[in-house]
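First to last, the sequence lines map onto chains A and B.
Each residue of the first sequence is one higher than the one before, starting from 1 at the first, in my numbering.
Each residue of the second sequence is one higher than the one before, starting from 1 at the first, in my numbering.
None of these hints come from the bench; they were simulated from the model.
Just so it is clear, the structure is predicted and the values come from calculations on it, not from any experiment.
Treat each hint with caution, since some may be false.
[Claimed, not checked] Distance condition first, Cα-Cα at most 30 Å in a straight line; then the derived DSS-like pairs of lysine-lysine:
1. Lys594(B) to Lys56(A)
2. Lys669(B) to Lys175(A)
3. Lys52(A) to Lys601(B)
4. Lys527(B) to Lys67(A)
5. Lys56(A) to Lys647(B)
6. Lys67(A) to Lys551(B)
7. Lys7(A) to Lys56(A)
8. Lys7(A) to Lys669(B)
9. Lys52(A) to Lys647(B)
10. Lys52(A) to Lys594(B)
11. Lys462(B) to Lys97(B)
12. Lys56(A) to Lys721(B)
13. Lys67(A) to Lys549(B)
14. Lys61(A) to Lys647(B)
15. Lys190(B) to Lys122(B)
16. Lys7(A) to Lys647(B)
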Amino acid sequence: MIVTTPKPLDELLDFLSPYTNILIAGCDGCTQPPRGLREAKTLSQLLELGGKLRNKNFTFKVTTVAKQCDNYLAASILRPQINGVEAVLSLACGIGTQTLAEIFPELPVFPAQNTHFMGAEEREAGILEERCVGCGDCLLAVTGGICPVARCSKGLLNGACGGSKEGKCELDPEKDCAWILIYERLKKMGKLELLKEFRPPRDYQLSGWRVTP
Amino acid sequence: MVSQKDRAQVEEVIDEVSGKVYLPPCQIACPLGEDIQRSHAMLALLRLEPEEAANQIIEIGNEIYEKNPLFPICSYICGLCEKECNYKDETGAVRRKMLVRLIAEHYLPYLETKPPLPAPTKEKVAVIGGGPGGLMCAYELSKMGYQVSILERNPELGGALQYIPRYRLPQEIVNSVINSLLRIAHIEVKLGVQMGDSGKTLKDLKSEGYRAIFIATGTPVPRPLTMEGELVKGAELEGVIFGLNLLYEVNQGNVPPRLYKGKRVIVVGGGNVAFDVARTARRLGGDVTLVCLECEDKSSKDGIPADVEEIEGATEEGIKIVYSRGVEEIIGEDGKFRKIKCPRCTSVFDEDGRFNPKCDRSDVIYVEGDVLLVTIGQAPELAFYRQEGLLNERGRIDIDQLTLMNNLKPGVFIGGDVKRVGFAAEAMRDGVIAAESIDRYLKGKELGVGRKKEYESAPILKGTHYKPQPELVWAPVEERLNFEPFEQGFTLEQAVAEARRCLCCGPCKSCKACVALEFQPEIPEIKYNEELCIDCGNCVFYCPCDAIKFKSPRGVRFDMTLCRACGLCVAVCPAMALEMENWEREHISALITKAASETEKPKILVFRCQWTVLPPLDRKFAPNVGVIDLPCAARVETFHILEALQKGIDGVLIAACPEEDCHRQTGSKEAQRSVVALGERLSQIGLQDRLHFCTVAPRHPEELDRELEQFRQRIEAIYSKESR
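Only chain A is shown next, with the shape it has when bound in the complex:
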């Protein structure tokens, strides 16, 4: 999932202050918790209360889209609702927000969220952690399903480095050393010989900006 956090409300109020009729578009897609219909509604309520305190009366429409990053899907859902709307506030990640900006070139589209990374949730602890950087050359097959590019602070491909201490990273003692995790996992799988293979430096060209599906 793509991990986002809400922007402060005063920042949003600053964006929106020139406009009155606003569409808040939720996204049911990949965030956790999903910023869908409920968050769109909650945000509209908060902004309305915040607007009143600034002597500003907004009129909100709230809706949600299964995946805002799908321009075809987003356009079919949102276009019929756009009549009279002066600005769009997107609850999606940066991708969804950009998609809406493309769909509605004549309208200002604002992000309601800050987008952080591609990650996963530790549900019991309620923590989200980065798991993938989109490097374009997936190594998970040989690293026991644990990504050193995303999870090693130094992005090492032939770890661990000398700074690993009691399984933790020297740069952040809270963080597990990804290479120790890889070692333990491969050991459990009986595939430690995979570690003997040298991996050449990453080809940064692979994390390019366009691919054909």
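Based on the hints, put chain B in the right spot on chain A.
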């Protein structure tokens, strides 16, 4: 139109997977199937006003009475439910017995005036034996409209209850309960009636017009001492008596209060009755030693069978216990008892689990005394059964285990201890079973159809906080060596606190206490809009009851047998795909609108969990305070809090149970989490002071008053600043 009373009737909940009846484990353990969870929930929600509370307790008593008219007696001698309580292995079982005792204390005065059942008009039925089994059968039959007569050999009813020492079961309770039962159920009693040889036959009863007969004559015959199948010599000596006879005579008042003063009394036996005898002898002034075959370690297969409380109590009272000793010979002098010869018992039960004691006769001790009380069990008196042809060729009572009808004589039903020695409540269950069979028999219906039921026990919910079990308080030894009860009962407050410890493990529909108390019109269902569902799984993750499961390939399904109707799933659903019956979003919105228009400025709205603060539900609040009661704080949605502020409410207070007291396990905690998160966002626009979350201890409305007063001052300060 279904009446409120009908809606409050418990329903049988069948587990979807196993097809079994799904119940809390205590209720399955209770031979009479008392609605234990329901009465605990009702006690937990007792009103604060003493008079209303007293009426409510009588209502609870009426409900228990319906299934068990002997419950005041059970509240002194039973406790089978506690053995299966889910809490047992955590911090100790919920003390149901003491809770029922409190209910009984309030109920007994009312019982004297309780209106009788309608006079029975159907066929005559005879019950032979006036113990718990017979009384119960008579009551059930009378409820069904049959005219019942109990025939009892002794000069009083009660059967085995008459052998229980008064310090454990007060006489006046036995008398009051039995006399009221006879009056209420129009039961005719014939005392001193002998059956068999010197008395009546079944044929006589038939000719007297009895159309069916239930026989529950118990086990009145004390077992004599034996060693390897042979009777132990010396039982005829002066001073050797059966403990059971002592118990009966003491209860009848036929024994001088200091009978055993200065005497050394030996009690043989390791069961609860032996301890009754030992503690009775101690109360009669004796210096008591108890000798038993079994060893001290209760967890061993040969461990002493008496309850821990009995062993502890007896030891405190100065009774010495000699473990792992049999009795080979009773030795006397001049015809009087002097001592017993006790070889070491090496094994009590054989490999098949049968009682088959083995002793090492080379390892012998002698225990000296003046009196020997033999209390090693009781047996039925089968002569009458033999004469009437009720035994099979092996000499056993020949009955169908499901219906209790004798296989040889239709219309004759047999149950209770005579069938198999057990607890009083088990004999009472036989009475209920026999009554049902007799009804079917007299109506010419199939006796066994649809009666075999299997039960599935409900587990503890997740996220449970365990509170310690209250200690039982006994009078100090020097004050309790008499026949007055020495166990201190609960006060009302203690009882309510203990009832609140009940986890209500069973499904809502098998309890419905909240419906009976009119907190809600019925157990709400969760309505699921599959079209809106986005498969995020939040509801599955947050549900404290594991009632929501993923469906393959998409969507979720709700198992309403497990649902406790807290509404947490509704509040956490990001797609607003869930609704809760009776607490729909729109309905709550309407209540908010009403509160916003009816309250005075500055307007305060309280969302209150009905479980924590319900007892004072009807209390009046200040004119600027509106209150919305919710099934659990978990049902509070950010949507409604913000809506209230939008509609002109100046401050919103959420009153939840303390986390460890939450009736819905994680409900209070999750409500707090979401309110705190909302508070952080409100602080970004300067409205953080308009929202307050607090916990209120159950039955302490003054805590809510205090929180409300502080909050009111805060909101008023903001309001006066704004108005300026």
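The hints, checked one at a time:
1. Simply put, Lys594(B) and Lys56(A) have alpha-carbon atoms about 26 Å apart, close enough for the 30 Å limit, and the pair holds.
2. Proximity of Lys669(B) to Lys175(A) is assessed by CA-CA distance (about 28 Å); at most 30 Å being required, the pair is judged to hold.
3. Of the pairs offered as hints, the one joining Lys52(A) and Lys601(B) holds, with about 19 Å between alpha carbons and a cut-off of 30 Å not exceeded.
4. For a cut-off of 30 Å, the pair hint linking Lys527(B) to Lys67(A) stands: about 25 Å separates their Cα positions.
5. Between Lys56(A) and Lys647(B) the alpha-carbon distance is near 16 Å, which keeps this suggested pair within the 30 Å criterion.
6. Distance hint between Lys67(A) and Lys551(B) is fulfilled; the C-alpha atoms sit about 22 Å from each other, no more than 30 Å.
7. Among the hinted pairs, Lys7(A) with Lys56(A) is consistent with the structure: their alpha-carbon atoms are about 20 Å apart, no more than 30 Å.
8. Proposed proximity of Lys7(A) and Lys669(B) is supported: the alpha carbons are some 26 Å apart, at most 30 Å.
9. Restraint check for Lys52(A) and Lys647(B): satisfied, since their Cα atoms lie roughly 12 Å apart, inside the 30 Å limit.
10. Pair hint Lys52(A) plus Lys594(B) holds up; C-alpha atoms about 22 Å apart against a cutoff of 30 Å.
11. Taken as a hint, the Lys462(B) and Lys97(B) pair is honoured in the structure, with Cα atoms around 26 Å apart against an allowance of 30 Å.
12. Our distance criterion of 30 Å between C-alpha atoms is met by Lys56(A) and Lys721(B), whose separation comes to about 20 Å.
13. Taken as a hint, the Lys67(A) and Lys549(B) pair is honoured in the structure, with Cα atoms around 24 Å apart against an allowance of 30 Å.
14. Proposed proximity of Lys61(A) and Lys647(B) is supported: the alpha carbons are some 18 Å apart, at most 30 Å.
15. Simply put, Lys190(B) and Lys122(B) have alpha-carbon atoms about 19 Å apart, close enough for the 30 Å limit, and the pair holds.
16. Simply put, Lys7(A) and Lys647(B) have alpha-carbon atoms about 25 Å apart, close enough for the 30 Å limit, and the pair holds.
In summary, the structure agrees with every hint in the numbered list given earlier.
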